[in-house]
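Number of protein chains: 2
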Amino acid sequence: MTPVVEIRNVAQFEGQDVFIQGWLYNLRESGKILFPLLRDGTGILQGVVVKSAVPAQVFEAVRALTQESSLRARGKVRKEKRAPGGYELDVAEVEVLQNVSSERPYPITPKEHGVEFLMDHRHLWLRSVRQRAILGVRHEIIRACRDFFDDRGFTLVDTPILTPSACEGTTTLFEVEYFDQKAYLTQSGQLYNEAAAMAVGKTYCFGPTFRAEKSKTRRHLTEFWMVEPEVAFAQLDDIMALAEGLVAFVVARALERRREELKTLERDLSKLEKCAPPFPRLAYDDAVNLLKEKGSEIAWGSDFGGTDETILSESFDRPILVHRYPSHVKAFYMQPDPERPEVALCVDMLAPEGYGEIIGGGERAADERLLLRRMDEQKLPREAFEWYLDLRRYGSVPHAGFGMGVERVVAWICGLDHVRETIPFPRMLNRLTP
Amino acid sequence: MTPVVEIRNVAQFEGQDVFIQGWLYNLRESGKILFPLLRDGTGILQGVVVKSAVPAQVFEAVRALTQESSLRARGKVRKEKRAPGGYELDVAEVEVLQNVSSERPYPITPKEHGVEFLMDHRHLWLRSVRQRAILGVRHEIIRACRDFFDDRGFTLVDTPILTPSACEGTTTLFEVEYFDQKAYLTQSGQLYNEAAAMAVGKTYCFGPTFRAEKSKTRRHLTEFWMVEPEVAFAQLDDIMALAEGLVAFVVARALERRREELKTLERDLSKLEKCAPPFPRLAYDDAVNLLKEKGSEIAWGSDFGGTDETILSESFDRPILVHRYPSHVKAFYMQPDPERPEVALCVDMLAPEGYGEIIGGGERAADERLLLRRMDEQKLPREAFEWYLDLRRYGSVPHAGFGMGVERVVAWICGLDHVRETIPFPRMLNRLTP
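Top line first, the protein sequences correspond to chains F and G.
Numbering of the first sequence is given in the working numbering, commencing with residue 3 and proceeding in unit increments.
Numbering of the second sequence is given in the working numbering, commencing with residue 3 and proceeding in unit increments.
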């Protein structure tokens, strides 16, 4: 029986008769030979249909195929150095499943389309070689993150999406009608992670998070995925090393397993290859001085803007760890540096090449009274955080963790200008479809 | 330097001096010897503190420890057959990080507590041996699902949580204020999966899904996780085999890697060990006949109720695949059986021992006109599904997939009566906290 073969595996079937199931990606005609490019989601294979070698109806059926028409083709796999991928299919027979009507042709043609048009057709745009390459890299990055934590004894603890209160204020929360209550979509699993770390020692969560920001920058989505580890007894240096290890592992894995996809995306691989530890560690104070030297008007005490982040990250050839920001620009749960309480034991990682912040984290305040004071200062409702305060009442320990935004890492590793292509179905201020 | 050691690894440090960091799980006193049970999230280790062998303040510090107090202990690891886990720590020194106040003691004591009380203290309850075992099995099940698909050439395509419309009607949807629009929390990634399958051939999504059902049964959560594969060119038999392979793989993995946790949960492992392929396949017609024989009053054409599912699943010693339900009880996108259009090419998998439906899926209608007719019948708004209909206009192919609910699988494999313990922070009709 003739086997049905995925295009990625054709090399194993050289000289054999196989079925390929897929779609017409492109069709070229050269005299009495047709060259249909077939795609099946695992690769692209060039078919060859020689008029004199096949029944007339086979030749005519292939010649009539329109872009994205679906078909089954039978033929022999032949090695062919000049063909993309190194193999061709000598087509003997075709079964057309659906010929896309020429009155309603496939909307995405090889010509240039505007971004809004492509986003409106995201469900079809994903079929392009470039978008498929991004999906592959994204998948590998996610798998690498999970492998990294799974292989180091972390327990996955899925934190809830529907939450009764806000982690860092309510202005950027999506509100949900939860029967007769209000709920909010999570912005971070961190507070729940802290509870889990006291139960399992080392934990991580990995899921979608939400931010109702009215910003339309190239770095913001309203729905994005985050991986967040949290480690009992860890201190700032420990999680800086953990963050460095994770990012180096993810980059190495992408280079090892997705080199083809990265080449398709025309990524400069030499820049990724430089991203090996140690990553430079830079105190906030030193980062401010560096920025001033480079002409920024930043003053000590401010958080970095996008431009500052770009200047910093372009000053190094690998990711950098900026630590000990002023406490007042950071969230209420950050642990102040005991030697210098005006700065927090926190860290951000900035990706190189201007891709901005990809990780934020730090040590969490372990003392109940300190937390209560900071919550008062920030006017947070104590009642909603009683369970969180319990973690400081019943065996409080030093602990630390961070969150890494998947889409920004995908944008950086793939070399994309905008995060909108890093997630299959992006959600933005003006985009909730398809 | 004395190493800090995780309890799971103490066997590697026999005879050595180590630090253990963790919490007091329990304290037993026997004459002039104290036996503190220490937990660190990776295991439990019995300490031994002999009054005559340590400074008085060490002995008194351990004697004063309350449940869940946090500490660092230094001591020598000694093999001890009689101790739980086979090792003990001869404690030489302790540093108490926080002694839980006896005026505000740890709320979960070894005595029995009501479920609502435990659920209110879920952030602490997770520290119990039993809950930690469930977290471990859940983690393994999730990892096994991902490994299964990753190793078989599936591409992970994360489908959106915020969606503009309903997959199967709007009565059980959570509504979200999305700037000046309405959005809904996803009930299934399936429709998006179908788009992805046309792009990558074999895809899966794995994320939280939501159902605003006002039911308070032991099988329902409002927020739960689903893994959903979708395969271009697959037909009903293909996805029945895929579902069978997945479930057998997951059960085998749990038995292989989480035997200790399953024993902690007092799971009857012999019942899980029977769950090897082939799983019985049963047409809906035959299932109805079997139910009637067993005294059910079901009539052909009705969907199964919970009791029917229990009767069916208790009739076999492994999961069963029930296929070809009446079309009218299934969703609009189901492909009718061409030989018998009154039944759909769909399948549900029922877990044994009365755990009910864990998988639902089938072939998807590939024809645009058929879909339009079924959408009209079910009064679904065509405009919201235009993008979905595009998949039938531009190279439609047969395709099939299914969804597996993680929490029900965890309940079954762990042998739990209620799904509320299968997810770290359950969300139910009357439960949105902590």
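Worth flagging that the hints you see were computed from the coordinates, not collected in a lab.
As the structure is a computational prediction, the values presented were derived from the model and not from experiment.
Some hints here could point you the wrong way.
If chains are identical, the list can't say which one is meant, so a pair holds when it fits in one copy or spans any two.
[As the list claims (entries may be wrong)] Heads up, simulated EDC-like pairs for lysine to aspartate or glutamate below, C-alpha to C-alpha not over 20 Å straight-line:
#1 Lys294 - Glu385
#2 Lys216 - Asp182
#3 Lys218 - Glu179
#4 Lys184 - Asp122
#5 Lys273 - Glu379
Hints, one by one, checked against the model:
1. Lys294 - Glu385: neither (43 Å within a copy, 54 Å between copies)
2. Lys216 - Asp182: between (27 Å within a copy, 11 Å between copies)
3. Lys218 - Glu179: between (26 Å within a copy, 18 Å between copies)
4. Lys184 - Asp122: between (32 Å within a copy, 18 Å between copies)
5. Lys273 - Glu379: For lysine 273 and glutamate 379, the Cα distance exceeds 20 Å both inside one copy (44 Å) and across copies (56 Å).
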